[in-house]
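**Student:** So the chains spell out like this:
Protein chains: 2
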Amino acid sequence: MSVTAPKGFAASGIACGIKASGAPDLALVASTAGAVPAAGVFTANLAAAAPVQVSRAHLAATAGRAAAVVLSSGNANAATGGPGVAGAQRMCALVGEGLGVGADEVLVCQTGLIGIPFPLAPVESGIPVLVEARLGDREAARRAATAIMTTDTVCKEVTVEGPGFTVGAMAKGAAMLAPNMATMLAVLTTDARCDPDMLAGALRRAVEGSFNRMSIDGCTSTNDTVLVLASGASGTSVGADALAETLGRACGDLAGMMVADAEGGSKVSHVVVTGAASDDEAHRAARKVAESALVKCSLNGEDPYWGRVVSELGSAGVAFDLDRVEVSYGGVVVCREGVAVDHDAVTVRDHMQGHAIELRCDLGLGSGTGAMLSTDLGHGYIDENRTTS
Amino acid sequence: MSVTAPKGFAASGIACGIKASGAPDLALVASTAGAVPAAGVFTANLAAAAPVQVSRAHLAATAGRAAAVVLSSGNANAATGGPGVAGAQRMCALVGEGLGVGADEVLVCQTGLIGIPFPLAPVESGIPVLVEARLGDREAARRAATAIMTTDTVCKEVTVEGPGFTVGAMAKGAAMLAPNMATMLAVLTTDARCDPDMLAGALRRAVEGSFNRMSIDGCTSTNDTVLVLASGASGTSVGADALAETLGRACGDLAGMMVADAEGGSKVSHVVVTGAASDDEAHRAARKVAESALVKCSLNGEDPYWGRVVSELGSAGVAFDLDRVEVSYGGVVVCREGVAVDHDAVTVRDHMQGHAIELRCDLGLGSGTGAMLSTDLGHGYIDENRTTS
Chain D
1 MSVTAPKGFA ASGIACGIKA SGAPDLALVA STAGAVPAAG VFTANLAAAA
51 PVQVSRAHLA ATAGRAAAVV LSSGNANAAT GGPGVAGAQR MCALVGEGLG
101 VGADEVLVCQ TGLIGIPFPL APVESGIPVL VEARLGDREA ARRAATAIMT
151 TDTVCKEVTV EGPGFTVGAM AKGAAMLAPN MATMLAVLTT DARCDPDMLA
201 GALRRAVEGS FNRMSIDGCT STNDTVLVLA SGASGTSVGA DALAETLGRA
251 CGDLAGMMVA DAEGGSKVSH VVVTGAASDD EAHRAARKVA ESALVKCSLN
301 GEDPYWGRVV SELGSAGVAF DLDRVEVSYG GVVVCREGVA VDHDAVTVRD
351 HMQGHAIELR CDLGLGSGTG AMLSTDLGHG YIDENRTTS
Chain Z
1 MSVTAPKGFA ASGIACGIKA SGAPDLALVA STAGAVPAAG VFTANLAAAA
51 PVQVSRAHLA ATAGRAAAVV LSSGNANAAT GGPGVAGAQR MCALVGEGLG
101 VGADEVLVCQ TGLIGIPFPL APVESGIPVL VEARLGDREA ARRAATAIMT
151 TDTVCKEVTV EGPGFTVGAM AKGAAMLAPN MATMLAVLTT DARCDPDMLA
201 GALRRAVEGS FNRMSIDGCT STNDTVLVLA SGASGTSVGA DALAETLGRA
251 CGDLAGMMVA DAEGGSKVSH VVVTGAASDD EAHRAARKVA ESALVKCSLN
301 GEDPYWGRVV SELGSAGVAF DLDRVEVSYG GVVVCREGVA VDHDAVTVRD
351 HMQGHAIELR CDLGLGSGTG AMLSTDLGHG YIDENRTTS
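Going down the list, the sequences are from chains D and Z.
Here the first sequence stands for residues 1 to 389, where the numbers follow my numbering.
Here the second sequence stands for residues 1 to 389, where the numbers follow my numbering.
One or more hints might be untrue.
Said to hold, decoys possible - Output of the computed footprint for chain D on chain Z, the stretches with three or more beta carbons under 8 Å from beta carbons of chain D:
| hint | region |
| --- | --- |
| 1 | 50-56 |
| 2 | 70-81 |
| 3 | 111-117 |
| 4 | 292-299 |
| 5 | 331-341 |
| 6 | 372-379 |
Source of the hints: derived by calculation from the structure; they are not laboratory data.
Note that beta-carbon positions come from the ideal geometry of N, C-alpha and C, so glycine has one too.
Pulled out of the complex, with its shape left as it was, chain D reads as follows (with noise of 0.2 Å):
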């Protein structure tokens, strides 16, 4: 159900001449009572997209209530100047008048190409049609979600109970293939009740320890957003605990399932790091290894080249002391106070050989802990990635 299985809820996917293609790029998330509380976490890039700019223009100009998002897929409206902000407002504007809502009470989220002109008559003629297929079930939620779908090679939706609600969430990004478009976009729905600022502060808890503990390569989006609705149509009122909990497990699953929807034969990786002087300290370790161009060639070659993962830890900026370190792949110790240990090396290969790699990174100094989930680094990536054509 995903989006739609919140109560108050309708979501509609159609395709209105973005890509070339022909496959499906426009989607729409609405409340069926108006503007709800809503809130964002936008992309930290000073180059944000059109769509960024008018969906945090619109958040708060409402103080934090909207009753739709607007989704296309194809173009990321970024780099695109005057142009596309008045492009990403045409389509706010568009789906307001469909809904019989303010235009600054729609959201709008953009993915693909940046620096591209946006074309706006497939959204203009898209729109009225987008708005009136919208519906509450099942179907509806997953032709949103793969409206927003650009090189993703699984449509990425969840559905997760809290305690007397329900949120429900639909994303795009997909590991190893996903970095060359806008890279990450979610949008979840609550029938949670609660208020806007509970709302926005439960959304940032659960971005900071789910989107925000993955790396693909590094870099930052233009586009990336994460958005939420709450219609309260549950009719229970949520504390900030319960409600941060839950969108934490939503967007959890939808980190998961982005790093794993890399193309064929690559990997999966989870850096743990303990004992670091503070999990501030843990996490900056831990996201080093993670995104080290050399510790994910190793990945990719099944090479447990433990030396390369000291070599990071050594310059994360973050105490360290090389001859108290420990690391382990998939629970093996192969590196003990700084050096090699005789270790099975059969089982390391084998854990190798697998989807999911774990690797473990224990710096001996203190209580801190902090993980990243992360890929390896192959052809595909390269492949995927060298040309836009």
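Assemble the complex: chain D is given as a structure, and chain Z must be docked to it using the hints.
**Tutor:** Structure of chain Z alone, referenced to chain D:
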């Protein structure tokens, strides 16, 4: 002539058996008059290899004097614990015995795989032969430069003339080929007359403007070391600026050779950022673009996808206004005021198909400038780095 071009130096290079292939793997650069002023710049990695620890300690103990540098390739002697440090110390002691100088007047560099116990037997038998073989001619310098190669495909030597003195240098480290080895070593010699403090300051400036302005994959090795010995044998007492400038030219030439030593089909990128709020911000922005996996993939695909360039600039952590940004490839502007502009696509394509790609970004904000040398990212990097075997 490289390291033997300045007066007062001899060199040698032999195969001692560290490398299973039997290729040369042990090198010496020695003053012909005992200890002379010396200085070093070492990796910032906290997992610094044994030879880095030992060379740092020796320079501190002698207050910046050394009689020789001994170098080995095939094993980084990193993450090798106490035995590794003892091995590096033993190498210095053996050279000291041979030359009749103190062990702490000898510096040591090593390069190769991390985390493999360092075999002492080959250097025990090899160093006496190495010391005996030292000569002051061109061929001896070449033998030394050859013995420090790992995945380098060409031997890297340079000789630069300063006002009244000469600088010679050798280095190892090869663009897309080398990063699986502990990455770069360089030894410079000069017959300029100077004191250790001036020499140390000049070397820091030289490294900052050369080796610190190139990046292959953003990884900081455990073994990176740049050393200089100054014999004074030219009789020319130099000024700090002339010394720094001349050392800088030698380092710059070596950096160019390293970046250019990429395997067939790969490219060198010269990323220049102008119009930044400060030189520091320009350098940071240039580094972000130069190290971006997505930008590097585009260069490999000869695709002038400037959208990724502005995305990297926008997330570089520097002052940025997309509406002022101009991007050009090979002098052809493809983006002005943050949006696509009509341009001569054929000229851009021809430029992208060449070996050296110039990517210029003007931020339109101030007078800060910076530049970085880097490479593309293609299959070759992955094939070279996916396994150590």
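**Student:** Name the hints, by number, that the structure is in violation of.
**Tutor:** Hint 1 alone not satisfied by this model.
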